[in-house]
Amino acid sequence: MAEVRAEMVANVWKVVAAEGDHVDDGDTLVILESMKMEIPVLAEGPGVVTKMYVAEGDVIQEGDLIASIG
Amino acid sequence: MLESVLVANRGEIARRVIRTARRMGIRAVAVYSDADAELPFVREADEAVRIGPAQPALSYLDAAAIVDAARGSRAAAVHPGYGFLAENADFARQVIEAGLTWVGPDPDAIEQMGDKIRARNLMEQAGVPVSPGSREPVADVAAAVAEADRIGYPVMVKAAAGGGGIGMGAASDEAGLRAAFETARSRAERFFGSPEILLERFVERARHVEVQILGLADGRVLALGERDCSVQRRHQKVAEETPSPGVSAGLRERMLAAAVQAGEAVGYRGAGTVECLVDTDTGSFVFLEMNTRLQVEHPVTELVTGIDLVEQQFLVAAGEPPSFDPASVTTSGHALELRVYAEDPVRFLPGPGTITEWEEPAGEGVRVDSGYQAGNTVTPFYDPLLAKLCVHGADRDQALGRARDAVAAFRVTGPKTNLLFHADLLASPDFTSGSYDTSLVSKLRPT
Chain A
152 MAEVRAEMVA NVWKVVAAEG DHVDDGDTLV ILESMKMEIP VLAEGPGVVT
202 KMYVAEGDVI QEGDLIASIG
Chain B
-13 MLESVLVANR GEIARRVIRT ARRMGIRAVA VYSDADAELP FVREADEAVR
37 IGPAQPALSY LDAAAIVDAA RGSRAAAVHP GYGFLAENAD FARQVIEAGL
87 TWVGPDPDAI EQMGDKIRAR NLMEQAGVPV SPGSREPVAD VAAAVAEADR
137 IGYPVMVKAA AGGGGIGMGA ASDEAGLRAA FETARSRAER FFGSPEILLE
187 RFVERARHVE VQILGLADGR VLALGERDCS VQRRHQKVAE ETPSPGVSAG
237 LRERMLAAAV QAGEAVGYRG AGTVECLVDT DTGSFVFLEM NTRLQVEHPV
287 TELVTGIDLV EQQFLVAAGE PPSFDPASVT TSGHALELRV YAEDPVRFLP
337 GPGTITEWEE PAGEGVRVDS GYQAGNTVTP FYDPLLAKLC VHGADRDQAL
387 GRARDAVAAF RVTGPKTNLL FHADLLASPD FTSGSYDTSL VSKLRPT
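Chains as they are written, first to last, in the numbering used here: chain A, 152 to 221; chain B, -13 to 433.
Hints were generated in silico from the structure; no laboratory data involved. Careful, some of the hints might be misleading.
Said to hold, decoys possible - Dumping the calculated SDA-like pairs for lysine to any residue here, alpha-carbon to alpha-carbon at most 25 Å:
no.: 1; chain 1: A; residue 1: Lys165; chain 2: B; residue 2: Pro181
no.: 2; chain 1: A; residue 1: Lys187; chain 2: B; residue 2: Gly11
no.: 3; chain 1: B; residue 1: Lys429; chain 2: B; residue 2: Gly155
no.: 4; chain 1: A; residue 1: Lys187; chain 2: B; residue 2: Thr317
no.: 5; chain 1: A; residue 1: Lys165; chain 2: B; residue 2: Lys429
no.: 6; chain 1: B; residue 1: Lys429; chain 2: B; residue 2: Leu406
As the list claims (entries may be wrong) - Here are the simulated distance ranges between beta carbons:
no.: 7; chain 1: B; residue 1: Arg57; chain 2: A; residue 2: Leu193; range: 47 to 57 Å
no.: 8; chain 1: A; residue 1: Gly214; chain 2: B; residue 2: Arg9; range: 13 to 23 Å
no.: 9; chain 1: A; residue 1: Thr201; chain 2: B; residue 2: Asp20; range: 45 to 55 Å
no.: 10; chain 1: B; residue 1: Val332; chain 2: A; residue 2: Leu193; range: 12 to 22 Å
no.: 11; chain 1: A; residue 1: Val210; chain 2: B; residue 2: Ala132; range: 48 to 58 Å
no.: 12; chain 1: B; residue 1: Asp20; chain 2: A; residue 2: Gly171; range: 47 to 57 Å
no.: 13; chain 1: B; residue 1: Arg240; chain 2: A; residue 2: Leu193; range: 22 to 32 Å
no.: 14; chain 1: A; residue 1: Lys165; chain 2: B; residue 2: Gly319; range: 29 to 39 Å
no.: 15; chain 1: A; residue 1: Gly214; chain 2: B; residue 2: Pro39; range: 43 to 53 Å
no.: 16; chain 1: A; residue 1: Gly214; chain 2: B; residue 2: Pro123; range: 36 to 46 Å
no.: 17; chain 1: A; residue 1: Lys165; chain 2: B; residue 2: Glu(-11); range: 30 to 40 Å
Claimed, not checked - If you want the footprint, here are the derived chain A segments under chain B, 3+ residues with CB under 8 Å:
no.: 18; stretch: 174 to 188
no.: 19; stretch: 193 to 207
C-beta: ideal position from N, C-alpha, C; glycine also.
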């Protein structure tokens, strides 16, 4: 089980992957926005998205869980 | 003279405008979002009005809320700063229709220059050099491919209503063009509300040099020297200097003359900037775009000319002559601006956070325009600019030396900052030699 966490304070602009989706290494899970920059959050290995913790419009803090991939 | 002004902006530029307004005896009204209630610009204004929550669309981009705030605070004028609504012709019209003085150019000039395709066409007619490019919006990918074949690769793909480098991409072949076109179009819709795209011939070894213009109340347009803005990351400026080390006296004369022609072609009033690309191989230049507002990097021009550009904006808006004699503008020495961003100094990724320590450098030739102080929180809602560290010296070497000392003395703890990048920039032979182009940052920070 891999946990994907936020590297910085950001707004969740787009949730690209949904729970149950199969993702490969490098696939975009969500797109964050901070300080007028879009920051894609990528899967770091193949798996299934078991849980998506964020929704579009959320403000997340550094270290917050974004998704779990099993 | 204006009795009062509402500053429709935030951070360092709101503070900068408020400072000159108060010096001139103009009552300054700030507006702020919930995220900014504690920032210095709110406290330094004579009066401050909350206009909404943190999200820009519900505060600094909410034209109706800002006009209401101006009415409620009985402000006589509105200064838009840069970004947000500064180049929004409809906002300027709403301000004027509300009976307020708009501290900026005529809304028609904003509109003409805001559309990059119209602006290019107008400049070409006015005799200002433009690069080979689109004369009308490129409708779809197929049209883009045909247009690129006509213009010749490499091409730059841009949003016609765009700015800030957002959505821009270069392409050296058809596959690259298809990708760049899709990116540009999605960003254009999202950020600028218009899907219109244009293509321009991409100059590979180029310097980004701009000319400060000032349209006077009597209709004359002055050119107040150039600024070199070639130090960029993600097509956004990080450091600027004047005079440009890459512009000869002859080229400067031609660029300044072209900038005056550009301003005259739209009946420009107030402070504006004509951005050009200088081809370092041929020494020729082309018009890129005109920014119809005060520019972020205006302080370097102020440092070498001794002219307060915000003061001139207020004077022009009030229909008065400038504070200086237009016939005897002289420049002295060399000035640099380093943009201190809340981002890491290697990958340039945003790093907001709460500021626990904030100590600005001071000393001869050092000017800091900052938006924050210790105890403030830098939030993810707005651009990452924390402060502009500006230095002035008798020559470029002295300015560089003062910049190095000032960067070393600038202490910020809490958010990430790019101060270490600036230290590297000021130590790099590519920069100090003066013979750099827009590829400099990618050389210093290869990915």
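We went through each hint and held it up to the structure:
A C-alpha spacing of about 20 Å is found between Lys165 (chain A) and Pro181 (chain B), which places the hinted pair at or below 25 Å, so the restraint holds. A distance of roughly 35 Å separates the Cα atoms of Lys187 (chain A) and Gly11 (chain B); the hinted pair therefore is violated under the 25 Å criterion. With a C-alpha separation of about 18 Å, the suggested pair Lys429 (chain B) and Gly155 (chain B) falls inside the 25 Å cut-off, and the hint holds. For the suggested pair Lys187 (chain A) and Thr317 (chain B), the alpha carbons sit about 35 Å apart, so the restraint of at most 25 Å is broken.
Pair hint Lys165 (chain A) plus Lys429 (chain B) does not hold up; C-alpha atoms about 32 Å apart against a cutoff of 25 Å. About 16 Å separates the Cα atoms of Lys429 (chain B) and Leu406 (chain B), which keeps this hinted pair within 25 Å; it holds. In this structure the hint that Arg57 (chain B) and Leu193 (chain A) lie 47 to 57 Å apart at CB holds, the actual value being about 48 Å. Between Gly214 (chain A) and Arg9 (chain B) the CB atoms are about 45 Å apart, so this pair departs from the stated range of 13 to 23 Å.
At about 36 Å, the CB distance of Thr201 (chain A) to Asp20 (chain B) disagrees with the hint of 45 to 55 Å. Evaluation of the 12 to 22 Å hint for Val332 (chain B) and Leu193 (chain A) yields a pass: the beta carbon distance comes to about 19 Å. Between Val210 (chain A) and Ala132 (chain B), the C-beta spacing of about 44 Å breaks the proposed range 48 to 58 Å. Distance hint check for Asp20 (chain B) and Gly171 (chain A): the Cβ-Cβ separation is about 37 Å, which falls outside the suggested range of 47 to 57 Å.
A beta carbon spacing of about 48 Å between Arg240 (chain B) and Leu193 (chain A) contradicts the range 22 to 32 Å that was offered as a hint. Distance hint check: the CB atoms of Lys165 (chain A) and Gly319 (chain B) are about 48 Å apart, inconsistent with the given range 29 to 39 Å. Separation of Gly214 (chain A) from Pro39 (chain B) is about 25 Å and departs from the stated range, judged on CB atoms against 43 to 53 Å. As the Cβ distance of Gly214 (chain A) to Pro123 (chain B) is approximately 44 Å, the hint placing it in 36 to 46 Å holds.
The supplied range of 30 to 40 Å is broken by Lys165 (chain A) and Glu(-11) (chain B), whose beta-carbon atoms lie about 46 Å from each other. Three residues within the 8 Å Cβ limit are the bar, and the stretch 174 to 188 of chain A against chain B gives 5, so the coverage statement holds. For the stretch 193 to 207 of chain A, the proposed coverage by chain B is not satisfied: 0 residues have a C-beta within less than 8 Å of a C-beta in that chain, short of the threshold of three.
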